[in-house]
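Heads up, the sequence shown is in UniProt numbering, so the first residue is 1 and it goes up one at a time.
The hints are simulated quantities; they were obtained by calculation from the structure and are not laboratory data. Owing to the predicted nature of the structure, the values given are computational and were not obtained by experimental measurement. Treat the hints with care, since some could be wrong.
Restraint ranges, calculated between C-beta atoms of paired labels, are given here [claimed, not checked]:
#1 Glu464 with His604: 30 to 40 Å
#2 Arg325 with Asp521: 30 to 40 Å
#3 Glu731 with His971: 33 to 43 Å
#4 Glu746 with Tyr525: 17 to 27 Å
Mimicking DSS-like on lysine-lysine, the simulated pairs with C-alpha atoms at most 30 Å apart in a straight line are [unchecked claim]:
#5 Lys18 with Lys33
#6 Lys62 with Lys33
#7 Lys878 with Lys888
#8 Lys255 with Lys153
#9 Lys878 with Lys800
#10 Lys1157 with Lys1147
No residue lacks a Cβ here, since even glycine has one placed at the ideal position from N, Cα and C.
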Amino acid sequence: MVKFDLEKFFSGMNDVDKDLREMALFDLHQALKDPGLQLTESEVDRVVDHVLRCFTKNELDKEVRNNAIQVAPQLFLFCSERQQIRFSSFLCTSATFRGMEFGDRGSSEIVESSTFALGLCCESMAERAQVNIEAWQRLTPVAHSINATLLSKLGDGNGDIAKDGFYGAIIALIVPFARTFSSETREEMAKRALMDFSGTGSACRRAIACLSLLSPFLSENAFNDVRETALLGLQGKDPNLRLLPHLLLYEALVKNSPLRMMTDICTVINILLMEIRRRTNEYTSEDDDVCDTIMRVVNSMVCQYPNELSTSHGDIFSCCVTLMRFDPNYCGDPEEEEAGIEEEGNDTYEDYYMELEEVDTSWKLRMWAAKLLSSLIQISPFSDVLIQRLNKADIFSVSDRMEEVQLANLQLLNAIAQHPRFEEAHFIVLNLLNSLLRCVSGFNQKVSVMAIKTLQLFFHLYGENLMKKGDAICHVLSDLVAKETNETNLLNSEVITLSQYVMDAALTEPRNISIAMKLFDTVFYTICKSRFDKVSDRALRVMQTMTCVALSVDDSYTERCVSLLFSLLERKTTEMEVSRAATEAMGECLSRLFLTLSEDTLRHYLHRLVSLTETNVNALHVLGSALGRSTAIQIPPDLLVHISAYLAKCNYSHQYVVIGVLKDALKNGSELPKEALDVVIKFIQVNALRSKEAFLIRRVFELLTEVCNKYPSVIEQTLEMMLSSVWNALETLLASASSFYGQVVEDAASFLHTLCLQFPQQRFTLTEAVLKHILISTSPDLCSELLSGVIVDDGETIGKISSFFFDNPGLTCLCVGTVGRSQPLPEEWKNFLLENFAGASSESTRSLGMAAIGRAASNPKNTSLFMQIVERAVTETKDRSLYWRLIKEVMHIAASQEPSPFGDHLFRKHLMERLLEGALEDDVETTAAVLGSFVSFDVADLLDITCRYLNSDSEIIKATCISIQRYLISHCKGEEIQPQLASVIETSLQNLGRNSSVRIRLAALQLFSVVASSQPHLLFTPTMRDVVYPNVLAELVEDPSLVLTVNLGGYTHREDKGIEIRRLAFEIISILLRDTERQRRGKVLEFFLRLEELLQCLVHACGPQEKGEVDVDLNNQAKTLLVQLVNTRLKLPWSDSLITSLHGKLKAVLELKCEGKSLSAEKERVNIRYTLNCVMRLTECVPFAYIPQFQPLLLLAQKSSLLAESMKLVL
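Can you make the complete structure from the sequences, with help from the hints?
Now the structure itself:
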């Protein structure tokens, strides 16, 4: 905590020495930064008095006053409301000071300092209010007072300095506080700004900024006055009006109030296009600023209103095409110009332009023309037609003399390249390739980099079609990397990437291999000469392509490629590890390249790689990756000794890699010397198996399996101790609740299986040890998987299990079922499994029985067991759902193993039909989940069966068929939905409606939800819009036929059977309002239309008033969705009745008194918090920002103690 000496401060401020006054202000500034600073109100008053005195004639020193300016914002926020009002009023008075006691200069300095300090105070207020809702609540009354004072001062005819400062302060307050101002105050602010808008200079600019920020909060009449003022200048009805300010005002209004400015946009676009044509036809340099602004405004409007202005896109396009080469000062011959550029470069442009006294800025029109075309290509519904027209028009100017125009043209080419429906973009690039290559080799690095990135994009998308110019690109790139400049690093990185794309394209055709070789040389030289890490990462990604080139050429390229990989690897130290992806890429390259090397060369590089592991851990990762990818790489024994010794020196993550290297080396046929074996076995017993690292233990089991296969005698010598360590490791890992325990058990079972094969005499002992481990385990279902390692087809295993677990039928079933996964079970054991499951006395026993039957029945040799389960599932009168769960368990296990019992097509089809006809009456979801499991085996038959049964008279079967579509969609994740499935989905959703049963409505809504989430493109059909979506909206409102009320005397019981339906319907609207990569927020709703109906449903659900929704959770969700809908910026058809209804529902909640700690009081507080958040969010947007009815609600919210909590809600 900073100690602040008040008396020292007062003494310093009163001293005649200006240095002491400066020091006092500095100490105050530092103290105010301390959040723990505490002063009494009277002390703050005295501090304020001394600081404010700096803004009077009593302070003669400018430096002291500058220090006071810096202190003012922090001191202002530290003050109470009364002190803040006094503080700001004083600064306003000083800002309008007209005293002449010490000359005009002194007066102007006071005015300037006061207005500056006042502006800083208002900006700090606004900044604090926007990040802290409690500060907003506290500062709102102060903002009202300051704004009223400033507004009155603006009309007093003060000088330009004061007026500019006052506007700056007012503008700072508008965003956080304007919605709390009265409508009269806002209209008065707009009138004052409109008066100053007719002026010139800074006052006009400030007025434009004020009007634009204020526009969302103005009443319809006041806003229309502002809009018509902007339009008046654009329409040119008054020749005395200057066009530029009106353009700037219109642009600002479009930016800040796009929905309210939508009325005249088509008219305005036509006016602007006519004006730009007129001014360019009669061009003078005085028109530069106006023309530049017109084009910027048009671009802003095109981006803001893509659909509304679509009818004008053709005219805008034509105008831009005309302007793409607009250059009024050009005076050269086109043929000479082209020849000159070819011979001498861009400098020859100087010979073709007139010498002008003023700066030529006509290039901005060419720049905006290219930018506008880029915007049209990206957002216009006719963009594919526009690109076709561009392809025929020779309009591109990538070699323009101005950097900005070149960059805009390159951005246009990028937009064309990425257009999803235009496959002939490469023709444009082929025509422009020479110009692009000149940009690449030019002197402007920014343009060069952008041109290279453009070529990267085109070669990535259309490489094969551009290889006609491959030699020209090779020549330019090789010349470029040969240049030695101070700014080549970025260029080199981009050259590497472009070379990769061109090489990839060249490798597709054998005749282009020479181009790939040349680029190989270019990249090799680029990486070798570069000395920075970024290129290393970029180079690692290109190495895979270079490897393909080397393997396609000869040994010299292979060795160069390997040496390059080593040079990259040696640049990275242990402290600067490269990414996992990079080491994997290097390992992949080396694994392929090593296969082509001679034995001596390979040994040389392996020795070099192993030596690197001492100082560079990346080398270890690369070696592991290379060995894991190639079974032909063998490591000499002396190097394996070196690697095994590394186990004692490194940490866990590196030990994991070392164990992997040793495992893969043995698997590839390498010999591990006894010295290394002893080190490894000791490390496994003493360190690895005692750790709790699942990944390390898995690798250890894999290594032990390889050691057992190759050196069984070594394992046999330490078998008893090794097995003890294995059981302890498994118990420790299970106790640590590792999520990878199941995978560790699988690896341990594989090791046990190898032991049984190598030491058959030990199988009985191993089996008994496994059973003991299962018996004491807290998770026998997982541990029982160890049995798969000791099972042998001799019929003795089941007998051993039966005798071992004679008093534990649950574990007996589990182990027998595990045996049954790989062996056929006798009929008596199948019956035993089923009867034990049916008669289970506890849920844990039943769970073990389910796992046992699931494993056994997933074996095709035990199909009869599965059919018994099916018969019980469709015919039993009791506990049918248990057998359906069993079927689902079997399907889940069978899906991951081969062969499965569901390989036969006719058997599978019969089974699906049998299950569907015997569906569970009271559990549609389980039935659908079981049948949906068949997607892993047969999508076509499942789709066909559900399509045929969709028209069944049974509502259970129909609801099941609808629900099955969700599993079919999930199976198609990442793939295109087949037309047949799309048709079935659409037919299924048409069953949604009030005439259908609850089951069918729920199933249809769940299906719609999945479609909206994962396949929203399926919603863009007339049937979805005109038939399905209206029924979704209908489900947002309570269905009276599903509400049962019973009068119990003094109490009325209410049962709502439709609540789940409404919750699903609300969830669907929530999904449609999400902003995801698959769907842009509101796009589906925009297609569906019916926005008025949606608004009515959401407002209806915001509260129980007017017979609205009574469920509080749905009330709050409706408010959330309403806020999200308003934020989509769709033009919503709000009516007076809807706004009045919403106002009444929100007001009723805000007026609730929720005291106490009861459950009902807490629910009311939650309701109030959602309502407060809704009010705050809505009043930020049109029309609620300016509707008088909502201002009292906002003021209620501003005074609420729950407001801070409410704003933490994420709506």
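Results of checking the hints against the structure:
Distance hint for Glu464 and His604: a CB-CB separation of about 38 Å, consistent with the stated range 30 to 40 Å. For the pair Arg325 and Asp521, the supplied restraint of 30 to 40 Å holds, since their beta-carbon distance comes to about 39 Å. Against the hinted window of 33 to 43 Å, the Cβ-Cβ separation of Glu731 and His971 comes to about 39 Å, which satisfies the hint. One distance hint, 17 to 27 Å for the beta-carbon pair Glu746 and Tyr525, is violated here, with the actual separation near 49 Å.
Between Lys18 and Lys33 the CA atoms are separated by roughly 23 Å; this keeps the pair inside 30 Å, and the hint holds. Restraint check for Lys62 and Lys33: the C-alpha separation of about 24 Å stays at or below 30 Å, so the hint holds. Between Lys878 and Lys888 the alpha-carbon distance is near 18 Å, which keeps this suggested pair within the 30 Å criterion. For the proposed pair Lys255 and Lys153, the alpha carbon gap of about 29 Å is at most 30 Å, so the pair holds.
Of the pairs offered as hints, the one joining Lys878 and Lys800 is violated, with about 34 Å between alpha carbons and a cut-off of 30 Å exceeded. Restraint check for Lys1157 and Lys1147: satisfied, since their Cα atoms lie roughly 23 Å apart, inside the 30 Å limit.
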